[in-house]
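S.K.: On the provided structure of chain A, position chain B as indicated by the hints.
Which chain is which? The protein sequence lines are A and B, in order. Heads up: the first sequence runs through residues 1 to 553, numbered per my numbering. Heads up: the second sequence runs through residues 1 to 553, numbered per my numbering.
Certain hints may be false.
Because identical chains share one entry, a pair is satisfied inside a single copy or across any pair of copies.
[Said to hold, decoys possible] Here are the simulated BS3-like cross-link-like pairs (lysine-lysine), alpha carbons at most 30 angstroms apart as the crow flies: (1) LYS122 x LYS240; (2) LYS539 x LYS122; (3) LYS430 x LYS166; (4) LYS443 x LYS346; (5) LYS166 x LYS539; (6) LYS430 x LYS443; (7) LYS122 x LYS170; (8) LYS122 x LYS346; (9) LYS122 x LYS443; (10) LYS430 x LYS497; (11) LYS240 x LYS346; (12) LYS122 x LYS166; (13) LYS240 x LYS166; (14) LYS497 x LYS443.
FYI, nobody ran anything at the bench for these hints, they're computed from the structure. As the structure is a prediction and not an experimental result, all values here were calculated from the model.
2 protein chains.
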Amino acid sequence: MVGLDYGTNSVRCLIVRVQDGAEAGSHISVYAHGEEGVILDGREPNLARQHPADYLTGAEAAVRGALAAARAHDREFRPEAIIGLGVDATGSTPLPVDAQGRALAEAATFAQDPNAMAWLWKDHTATEEALAITERAAAEHPEYLRKCGGVYSSEWFWAKIWHCAKVAPKVMGAATSWIEYADWIPAVLTGTEARPMRGICAAGHKAMYHGSWGGYPAEDFLGRLDPALGPLRRGLGMVKAVTVDQAVGGLTAEWAQRLGLPAGIPVAAGAFDAHLGAVGSGIAPGTLVKILGTSTCDMMIAPLVPELPDIPGICGIVPGSIVPGCYGLEAGQSAVGDIFNWWVQKIAPQGATHEALAEEAGRLRPGESGLLALDWNNGNRTVLVDQRLTGLLLGQTLATRPAEVYRALIEATAFGGRIIMERFEEYGVKVERVVNCGGIAEKSPLVMQIYADVTRRPMQLSRLAQTCALGAAIAAAVVAGAYADVPAAQRAMTGVKSLAYQPEPEAMRVYERLYGLYRCLHDSFGLGRPTEDLSGVMKQLLSLRDATRQGRS
Amino acid sequence: MVGLDYGTNSVRCLIVRVQDGAEAGSHISVYAHGEEGVILDGREPNLARQHPADYLTGAEAAVRGALAAARAHDREFRPEAIIGLGVDATGSTPLPVDAQGRALAEAATFAQDPNAMAWLWKDHTATEEALAITERAAAEHPEYLRKCGGVYSSEWFWAKIWHCAKVAPKVMGAATSWIEYADWIPAVLTGTEARPMRGICAAGHKAMYHGSWGGYPAEDFLGRLDPALGPLRRGLGMVKAVTVDQAVGGLTAEWAQRLGLPAGIPVAAGAFDAHLGAVGSGIAPGTLVKILGTSTCDMMIAPLVPELPDIPGICGIVPGSIVPGCYGLEAGQSAVGDIFNWWVQKIAPQGATHEALAEEAGRLRPGESGLLALDWNNGNRTVLVDQRLTGLLLGQTLATRPAEVYRALIEATAFGGRIIMERFEEYGVKVERVVNCGGIAEKSPLVMQIYADVTRRPMQLSRLAQTCALGAAIAAAVVAGAYADVPAAQRAMTGVKSLAYQPEPEAMRVYERLYGLYRCLHDSFGLGRPTEDLSGVMKQLLSLRDATRQGRS
Numbered sequence: 001m002v003g004l005d006y007g008t009n010s011v012r013c014l015i016v017r018v019q020d021g022a023e024a025g026s027h028i029s030v031y032a033h034g035e036e037g038v039i040l041d042g043r044e045p046n047l048a049r050q051h052p053a054d055y056l057t058g059a060e061a062a063v064r065g066a067l068a069a070a071r072a073h074d075r076e077f078r079p080e081a082i083i084g085l086g087v088d089a090t091g092s093t094p095l096p097v098d099a100q101g102r103a104l105a106e107a108a109t110f111a112q113d114p115n116a117m118a119w120l121w122k123d124h125t126a127t128e129e130a131l132a133i134t135e136r137a138a139a140e141h142p143e144y145l146r147k148c149g150g151v152y153s154s155e156w157f158w159a160k161i162w163h164c165a166k167v168a169p170k171v172m173g174a175a176t177s178w179i180e181y182a183d184w185i186p187a188v189l190t191g192t193e194a195r196p197m198r199g200i201c202a203a204g205h206k207a208m209y210h211g212s213w214g215g216y217p218a219e220d221f222l223g224r225l226d227p228a229l230g231p232l233r234r235g236l237g238m239v240k241a242v243t244v245d246q247a248v249g250g251l252t253a254e255w256a257q258r259l260g261l262p263a264g265i266p267v268a269a270g271a272f273d274a275h276l277g278a279v280g281s282g283i284a285p286g287t288l289v290k291i292l293g294t295s296t297c298d299m300m301i302a303p304l305v306p307e308l309p310d311i312p313g314i315c316g317i318v319p320g321s322i323v324p325g326c327y328g329l330e331a332g333q334s335a336v337g338d339i340f341n342w343w344v345q346k347i348a349p350q351g352a353t354h355e356a357l358a359e360e361a362g363r364l365r366p367g368e369s370g371l372l373a374l375d376w377n378n379g380n381r382t383v384l385v386d387q388r389l390t391g392l393l394l395g396q397t398l399a400t401r402p403a404e405v406y407r408a409l410i411e412a413t414a415f416g417g418r419i420i421m422e423r424f425e426e427y428g429v430k431v432e433r434v435v436n437c438g439g440i441a442e443k444s445p446l447v448m449q450i451y452a453d454v455t456r457r458p459m460q461l462s463r464l465a466q467t468c469a470l471g472a473a474i475a476a477a478v479v480a481g482a483y484a485d486v487p488a489a490q491r492a493m494t495g496v497k498s499l500a501y502q503p504e505p506e507a508m509r510v511y512e513r514l515y516g517l518y519r520c521l522h523d524s525f526g527l528g529r530p531t532e533d534l535s536g537v538m539k540q541l542l543s544l545r546d547a548t549r550q551g552r553s
Numbered sequence: 001m002v003g004l005d006y007g008t009n010s011v012r013c014l015i016v017r018v019q020d021g022a023e024a025g026s027h028i029s030v031y032a033h034g035e036e037g038v039i040l041d042g043r044e045p046n047l048a049r050q051h052p053a054d055y056l057t058g059a060e061a062a063v064r065g066a067l068a069a070a071r072a073h074d075r076e077f078r079p080e081a082i083i084g085l086g087v088d089a090t091g092s093t094p095l096p097v098d099a100q101g102r103a104l105a106e107a108a109t110f111a112q113d114p115n116a117m118a119w120l121w122k123d124h125t126a127t128e129e130a131l132a133i134t135e136r137a138a139a140e141h142p143e144y145l146r147k148c149g150g151v152y153s154s155e156w157f158w159a160k161i162w163h164c165a166k167v168a169p170k171v172m173g174a175a176t177s178w179i180e181y182a183d184w185i186p187a188v189l190t191g192t193e194a195r196p197m198r199g200i201c202a203a204g205h206k207a208m209y210h211g212s213w214g215g216y217p218a219e220d221f222l223g224r225l226d227p228a229l230g231p232l233r234r235g236l237g238m239v240k241a242v243t244v245d246q247a248v249g250g251l252t253a254e255w256a257q258r259l260g261l262p263a264g265i266p267v268a269a270g271a272f273d274a275h276l277g278a279v280g281s282g283i284a285p286g287t288l289v290k291i292l293g294t295s296t297c298d299m300m301i302a303p304l305v306p307e308l309p310d311i312p313g314i315c316g317i318v319p320g321s322i323v324p325g326c327y328g329l330e331a332g333q334s335a336v337g338d339i340f341n342w343w344v345q346k347i348a349p350q351g352a353t354h355e356a357l358a359e360e361a362g363r364l365r366p367g368e369s370g371l372l373a374l375d376w377n378n379g380n381r382t383v384l385v386d387q388r389l390t391g392l393l394l395g396q397t398l399a400t401r402p403a404e405v406y407r408a409l410i411e412a413t414a415f416g417g418r419i420i421m422e423r424f425e426e427y428g429v430k431v432e433r434v435v436n437c438g439g440i441a442e443k444s445p446l447v448m449q450i451y452a453d454v455t456r457r458p459m460q461l462s463r464l465a466q467t468c469a470l471g472a473a474i475a476a477a478v479v480a481g482a483y484a485d486v487p488a489a490q491r492a493m494t495g496v497k498s499l500a501y502q503p504e505p506e507a508m509r510v511y512e513r514l515y516g517l518y519r520c521l522h523d524s525f526g527l528g529r530p531t532e533d534l535s536g537v538m539k540q541l542l543s544l545r546d547a548t549r550q551g552r553s
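Extracted from the complex, chain A is given alone in its bound form:
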């Protein structure tokens, strides 16, 4: 199976054995345009775009590289043995296309125009439009908001397209439609781009798609936001979004030749990287998958019956968005690794490294620093759904050291993660186990141990590091007919490492107290509802610190 995993800076191709998910070969190709693949604008720090040409040349380089790696690893390996291909990509990353489904930026007229390129997930130019969509939906269609945590984001489909209509009417006029590139790549590879299938993962909540109101939002709702949005909605028609166990077509002869793969093999419907990462990590009812990187995704699934209530602050609840036949639930923290990077790269003493700070921070006991932080340096995605929040550090004295702050920042992200878990459970979605994947899960035992201690649960690690690409390969295995459905493929092709981080009783005890104080700050600054008198917070931290230092904690 081939999994194509489109990240923010590069595309990875992973080839795995269909029987057990073992890696046969992989290769990464870095995008050619922009800074590490991202096109920026010095005058507009919120802008982040990608050139769609990079997606196509990147696919070719990544697949050919992975095939070469597989051959190098096993002389018996033959490309003809590949029976299916799956795709995951970042999102919401929509791009404008013409009537033939070709990216506008592929035409010479628009080749240099960032507004005609793909609007990368982290592009934040559409803040005002997102606000206006939220307000209008709250007044006219509150049901639209209930599936996306109550607030429509500037990172999402309609906000970005509307912003384009305002700032680049020529681009908007030339675009017959817009499409998530998670959908566009499978369409291009199968020659179906003129009438592409749309994946439920990308459509659900981020494009406000839901079966209960007939798919995308009503044309009159969009048309009253901006006249340019009406025709676009009409063009999308009554399309039924598909799940990743459905093929969008067979690989065209042209693309088979470019990639070096057999023509006609089925290509699965695309999905977002985190969602297929959850599949590749073995997500199942009761299993929370945490994808830990610069930010996190915290994913769960739940059976369609009994029907799930809307869960406030959980930013996506979409049937079939992760595993077909189950609700996909999507939550996350706006910054995790990014906060640690900020401290190390921007603030801490020159020469400080993650390794050195983690080593020193690892020798501290819970509570010993007297510090407490909020993990909001990039806002709060779940459960507050509020970008207009910032970081907070409390408890510093004249003796506070950088490694103590580093540990406090890790703890803050752990507390933030626990709030997400508790929100799931409050609404009946039980968290029975936690599987972690992503760079931080692989690289930082300190983070994993603190997460175990704070959340009072073992932290398991996904067996294969490249879970997003593996998830795409699992989708491919299902559309190729190797397994009856996604769960069957997951059972065969995924697993966890034998090592799991176990919570330690003494640390759990201290963190229980610290979590109560975190919650108090969280609710005070996030909701204006302090859970206790704030004048006790500093004193409690000092008492805990003193007791810990004197071995009486």
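M.R.: Then chain B, alone, in the frame of chain A:
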């Protein structure tokens, strides 16, 4: 005139001309014992002592050095022209003495025992005793607390002596009495140490001395705290504490020889460094003197008529403690320069200096960083009188830079200073002008400008940097009969620099909003009484930041 200024690490001698306070010569002598003059204990971080022998050898070195400097500067200078000597010292710094008034640590038995030395002002070993004194006084003699801001401190006279009685009964048993070294030095120099005079500055509030209850606290009150305190109180008798315009005696022949000064010249009653620093800065009714160093002292005086109410949180209100015939009012911030030093030395990138951070921070406009801090890294002396408070930093994003935090910390100390000013004014003590002195006032234009902008007042600077020693010299001038009283001597011998920092309208406007948010955090974490909904704080900071960056602030 000679002023002897005993600091934490060294003693300075300043010789000034009696006509106008011009410096004739000065010299600093560093104490011989301990780390930079402070004797520490690795097992007890709260302990800080000084060896009294250092005070005596230090006086000799400092005076002889200053005389040499004066001669080098002016060949006409003759020591015989010196007509008086004054002394200031840190405090509360009590030491145990025998029946002859000799320091116990001068005897071989106790020469190495830190408990027999001087208990330096910043010694915090007596936290429990201070708490117990506060509780007992609140129950039995609430009037004792009303003159010291409502809370008795571990830094003060009775708490330290009681702690000594508990941990070092041998020392306590050998001590006939205890004395502030601000009183002990003048007594030794005049041979009156067996029956020393006590200065009102050191006695008032820190030793709970007040005329309205007959001086020191009642013997039965102290005796019930600890039986060892009763006899000590009895020995102190009905002593009437004196002001700095009174001589304690004439310089003995022996000390005249050791110092190289004329025998018999009058020696003024001693006082604490900050109090005589205020005198040397020209304190008068309506003038706030800020002594800016690692911490601050914020001093005012007010006429004895009409009687002043007790002012909550102002840690000392004592008739005559600064200028005879006026109330002395003492407030301050527990850390100012220490907070800036913490950021530069412990946290910020290697190679960062105050100069470099101040240069970058100085280019920021008020509100531009989106940051807000509390200045409590070492607790809060005024107006909360609470050591169990800690620092707080809020508003950081992933882009926050060290210089932005540096500026936010300066602003936090400015806001803290404004709260003190407002507390004075709320109780009828009007602040008509502000005179700054101390290292930070001399060295940091950025700090001074921010203080002007935040407090909406011009910041003046004391003409002579060494205001504490100058204040001691002014006391000497009065006891020598050169002036009728302290105000007359101040008018002749003190002044401010022609440069004053003026508040800027635009900065004032922004800081008015930031101060409101500071106040909200201050009251929330300090008193448990938020002045507004905390959920708006981060958003208001972001709005202010965005408006400032877009030039719309």
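S.K.: Now tell me, hint by hint, if it's right for this structure.
M.R.: Status of the hints after comparison with the structure:
no.	hint	verdict
1	LYS122 x LYS240	within (27 angstroms within a copy, 74 angstroms between copies)
2	LYS539 x LYS122	between (39 angstroms within a copy, 21 angstroms between copies)
3	LYS430 x LYS166	neither (44 angstroms within a copy, 57 angstroms between copies)
4	LYS443 x LYS346	both (21 angstroms within a copy, 27 angstroms between copies)
5	LYS166 x LYS539	between (52 angstroms within a copy, 26 angstroms between copies)
6	LYS430 x LYS443	within (28 angstroms within a copy, 60 angstroms between copies)
7	LYS122 x LYS170	within (23 angstroms within a copy, 71 angstroms between copies)
8	LYS122 x LYS346	within (21 angstroms within a copy, 34 angstroms between copies)
9	LYS122 x LYS443	within (24 angstroms within a copy, 44 angstroms between copies)
10	LYS430 x LYS497	within (23 angstroms within a copy, 70 angstroms between copies)
11	LYS240 x LYS346	neither (47 angstroms within a copy, 59 angstroms between copies)
12	LYS122 x LYS166	within (19 angstroms within a copy, 64 angstroms between copies)
13	LYS240 x LYS166	within (29 angstroms within a copy, 82 angstroms between copies)
14	LYS497 x LYS443	within (14 angstroms within a copy, 59 angstroms between copies)
Of the numbered hints stated above, those contradicted by the structure are hints 3 and 11, listed in ascending order.
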